Amino acid sequence: MAAHLSSGRVNLTALREAGRRELREFLDKCAGSKEHEVEKMFTLKPGRLPQADVKNIIFFVRPKLELMDIITDNVLREDRGRSPQRDFHILFVPRRSLLCEQWLKEQGVLGSFIHREQYSLDLIPFDGDLLSMESESAFKECYLESDQTSLYHAAKGLMTLQALYGTIPQIFGKGECARHVANMMIRMKREFPGSQNSIFPVFDTLLLLDRNVDLLTPLATQLTYEGLIDEIYGIQNTYVKLPPEKFAPKKQGEGGKDLPTEPKKLQLNSAEELYAEIRDKNFNAVGSVLSKKAKIISAAFEERHHAKTVGEIKQFVSQLPHMQAARSSLANHTSIAELIKDITTSEDFFDNLTVEQEFMSGIDTDKVNNYIEDCIAQKHPLIKILRLVCLQSVCNSGLKQKVLDHYKREILQTYGYEHVLTLNNLEKAGLLKPQTSGRNNYPTIRKTLRLWMDDVNEQNPNDISYVYSGYAPLSVRLAQLLARPGWRSIEEVLKMLPGPHFEERQQLPTGLQKKRQHGENRVTLVFFLGGVTYAEIAALRFLSQMEDGGTEYVIATTKLINGTSWIKSLMEKLEPAPF
Amino acid sequence: MSRARADEEEYWHSSKFRAFTFDDEDDELSQLKESKRAVNSLRDIVDDDDDDLERVSWSGEPVGSISWSIKETASSSTSSLESRDSSLQKGSSSYAAFPKQVSSYSLSSLFKGRNRLPSFQSLSDALSDTGVKNYAPELRRPKAEYKDYSSDWSPKDTVRRMQRGKICSLERFRSLQDKLVLLDEAVAGHDGNVITAVLIFLKRTLRREILFRELEVRQVALCHLIHFLKETGEQKLLLDLLRFLDRTEEVALSQYREHLNIQDVEKRREFLKGCIGLPFSAEDTSHIQDHYTLLERQIIIEANDRHLEMAGQSEIFRKYPRKASILNMPLVTTLFYSCFYHYTEAEGTFSSPTNLKKTFKIPDKQYVLTALAARAKLRAWDDVDALFTTKNWLGYTKKKAPIGFHRVVEILQRNNAPVQVLQEYVRLVEDVETRLNLATKYKCHDVVIETYRDLKDRIQLTAYKCKVERGSAEEEKINSVLNNTVRNTCFFFRNLIRNGCRLGVRAWLSNILFVLAGKLILHLELHSV
Chain A
700 MAAHLSSGRV NLTALREAGR RELREFLDKC AGSKEHEVEK MFTLKPGRLP
750 QADVKNIIFF VRPKLELMDI ITDNVLREDR GRSPQRDFHI LFVPRRSLLC
800 EQWLKEQGVL GSFIHREQYS LDLIPFDGDL LSMESESAFK ECYLESDQTS
850 LYHAAKGLMT LQALYGTIPQ IFGKGECARH VANMMIRMKR EFPGSQNSIF
900 PVFDTLLLLD RNVDLLTPLA TQLTYEGLID EIYGIQNTYV KLPPEKFAPK
950 KQGEGGKDLP TEPKKLQLNS AEELYAEIRD KNFNAVGSVL SKKAKIISAA
1000 FEERHHAKTV GEIKQFVSQL PHMQAARSSL ANHTSIAELI KDITTSEDFF
1050 DNLTVEQEFM SGIDTDKVNN YIEDCIAQKH PLIKILRLVC LQSVCNSGLK
1100 QKVLDHYKRE ILQTYGYEHV LTLNNLEKAG LLKPQTSGRN NYPTIRKTLR
1150 LWMDDVNEQN PNDISYVYSG YAPLSVRLAQ LLARPGWRSI EEVLKMLPGP
1200 HFEERQQLPT GLQKKRQHGE NRVTLVFFLG GVTYAEIAAL RFLSQMEDGG
1250 TEYVIATTKL INGTSWIKSL MEKLEPAPF
Chain B
451 MSRARADEEE YWHSSKFRAF TFDDEDDELS QLKESKRAVN SLRDIVDDDD
501 DDLERVSWSG EPVGSISWSI KETASSSTSS LESRDSSLQK GSSSYAAFPK
551 QVSSYSLSSL FKGRNRLPSF QSLSDALSDT GVKNYAPELR RPKAEYKDYS
601 SDWSPKDTVR RMQRGKICSL ERFRSLQDKL VLLDEAVAGH DGNVITAVLI
651 FLKRTLRREI LFRELEVRQV ALCHLIHFLK ETGEQKLLLD LLRFLDRTEE
701 VALSQYREHL NIQDVEKRRE FLKGCIGLPF SAEDTSHIQD HYTLLERQII
751 IEANDRHLEM AGQSEIFRKY PRKASILNMP LVTTLFYSCF YHYTEAEGTF
801 SSPTNLKKTF KIPDKQYVLT ALAARAKLRA WDDVDALFTT KNWLGYTKKK
851 APIGFHRVVE ILQRNNAPVQ VLQEYVRLVE DVETRLNLAT KYKCHDVVIE
901 TYRDLKDRIQ LTAYKCKVER GSAEEEKINS VLNNTVRNTC FFFRNLIRNG
951 CRLGVRAWLS NILFVLAGKL ILHLELHSV
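From first to last, the protein sequence lines are chains A and B. Here the working numbering is used: the first residue of the first sequence is 700, the next is one more, and so on. Here the working numbering is used: the first residue of the second sequence is 451, the next is one more, and so on.
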């Protein structure tokens, strides 16, 4: 069922199993028996709990105050007279929160919970090479509120990983938060002798990267297949919901019969062979793969005419399920590609991309941009505007005061003055700021790290810049340069980027020290503190697959993000308009 | 068993009685304390590592869990073996004996105001909006639980226990010094959950000025408290804190944020009025002022227009009933509204577009765009025309658009303007290529034909013939243009020569012309000069 987790260089099934075991134990405790049949699962929402003839109700929640209010409502509306009475339990993920429990207590419902426990699921395996904490507010908490709790959880997650996969001998990092996490890891290791384990280390290196070292990358539109799916439809926990029209079953004779209205929900991960092959490609290279696959599959189905003997027919039939799965997978992705193509070929997508690319390659970043002005005038979604303005600001090391004021005024006048709060948040996070030093560092950084590549090959890429059709994500460039030739060669640029850079070594017992086989790749765990985009993941996978790369990457993050979800997390929550 | 406990709990919840509050000096406990101390010291002799119990419950979780597997894989040093044993015990036998009473006592000791110290009680009353008195009273813990409840924990141990999700009494940290050490330990642990818990304790037990003063030099803790106050909506304390720290801009923004919670417009307006004097940054000050003024205007306009609409006298409201109220809408939307319903009003009225433009210093571009969209929607083409007509001092009229005529065309097109109107503006697009594109796209045949004629592009013009209807006026026009090319060429050269004359190369040019076009042209040239 979760075979894709063991497909990578590091078998993440072990982590999954540990997580499952812990959950089972909690269920045992609540049910008091070895059977944990979950009767029903409900999404948490206010009001009376749905009818269900069960003994135990378990609230499985993140420790957030707004969720506590919903739970309170649920509990208070529970019919006390019903029999049998239902027992309540609460399981916090990943940590019990004193604040939340106090909140429940103030509402007078804390006593209603028989078990209150925590489920320390810090890092959730998403794919064979991908782990996420799914903590969407991590960036905001770290950079706006200086709340480092999510970093503490990151460190704990890393300790769990080390317990399962061995101590990671080398730790590199860049940024304030990276420094904190490394410190905490070292401290936890000191305080907890159990972490001195006897497992042969699977990871050679850990690279901790602050999101604010590279604010630029998430703002740009991702141009890989998976990245575009996320940009346009938003991938939630590896699932995507798509408009159903293109997925209507085509049956002969009943054309145009009632179209499905429910969105089509698909899971996206490497368990699907075709998806694993195309997800990290530039979208422009996806079409040719799909049509090639279509030819292969139809040829395979044609085979049946050539099957003469019983043996041949038997063999054909035995392959049939696989072929049918491949065909339906192909049909799905052809439909998705069509949906995306409708958007990527639109005039507005093109204009938007042109402006992004101009900024990233350093053109006209210091004056008010016409396209942005036009978008404001036409009241395009505010997040789109903010993404572009922030991108311009980052690519110019801050905007000239006059330009910044102009944008701000236009935004407030068009979208409402209350957004002054959001603009302040963006400023605090460093995404939107006046150019204070009077010096624009970006061109130097761009040139030294070769962030802009003019000759990009989207079909057969030779550089990571293919994921943004020209722009090489800064974060991944840092990882690449760390592997070869090492950060010493880019000291100057590292100093221009925010936060310290550092290296730590964790001592291994002599028996565990690795003797590398000739030609064996190193394994590096890259931890993005504050979120990572699918395009960055694609770029790292590209580096893993390079023949002479020498390094394979496993990726961990606080949250999978894109520019829109990221900016949204920084926006002030505004009360809906009163009508 | 759990049912009984729940009842008990309910009793305490509903009761006015104050239950026994846990205290360090309790007899039973102090005995335990002693024995604990003995055990602890014993362990100190056995190995000089950190407190062993510490390690036992680093996980605090039952066997087999993630944290357990950490231990499982640990090297088999004596200490970790020991710890595994005790965690095993915890997981099974101890659980059966007293099923998680842990849950019932958890926070009361942490967060409850203490009756014995009236000054603190009143302080916490003053500080929190939620009324400390409603807190569920303490339950007396079963004896076995005291094991976990030693008061011996150092600040460091206390913090580490709390990091594991265990509950510790903080009440025993009494001196300011102790409390601060505790806080510093919590901060060093980076676990926001624990930092916040300690802060809640400090907030309750320290005088406000002292708390503020100490936090000022502890930035991380400070940030957590600010975040906590924001989350729980303790606005008053938050503002006091920010003021104390002289973070005036934050005070202002934080106070301003409050307006979002006010639904009643009159109250909201009053509130915004109060925000104007707050110490925002210079640029934000003007935005906040504008926000207030805008809402004030909207309230007036709304009252008026609702009245007008109800009365049914005004044609515009009858024809286009309002879909929503204008209250709390952004400025540009308000401007659109006023261009839609109040376009012709004199500048003196609050609802007139010109008045809005002046009051909020709306840039020309923005104004024209909005007015254009509003008037186009009403298909008031004369208004649209007037919008771009300027008179110079000699009285000549001229067409001018601060947004560029290509944008004008797009907006008109979106509002389904008829071709006659559309082509008038397409014609004004300066860039030839854009003009051709727009004209072709929106089927403004006349403009296409004229442009090709001016470009002398016979081929394109001939090709365009297939795009117009057979026998239509447009086709005729194309034909006539194509037929007149000779004459046009003639005009063309005449123009050339004229210009050439001005440049003083008449002779040279006329030579060429002679070769090219013959006597007739020469004649014309001479004539014209």
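Calculated directly from the structure, the hints in this document are not laboratory data. Remember, predicted model here, so these are calculated numbers, not experimental data. Hints may contain errors.
Said to hold, decoys possible - The list that follows gives simulated cross-link-like pairs (lysine-lysine, DSSO-like), each with its CA atoms no further than 27 Å apart: (1) B:Lys827 with A:Lys1040; (2) B:Lys827 with A:Lys1078; (3) B:Lys808 with A:Lys1107.
To be verified - For the chain B half of the interface with chain A, some residues (derived, Cβ under 8 Å), not all of them: (4) Ser625; (5) Gln627; (6) Leu630; (7) Val631; (8) His640; (9) Ile660; (10) Cys673; (11) Pro729.
Here a beta-carbon is modelled for each residue, glycine too, at the ideal position from N, C-alpha and C.
Practice problem: Check each numbered hint from earlier against the structure, then list the numbers of those it violates in ascending order. | Solution: Checked against the structure, the hints that fail are numbers 1, 4, 5, 6, 7, 9 and 11, while the rest are satisfied.
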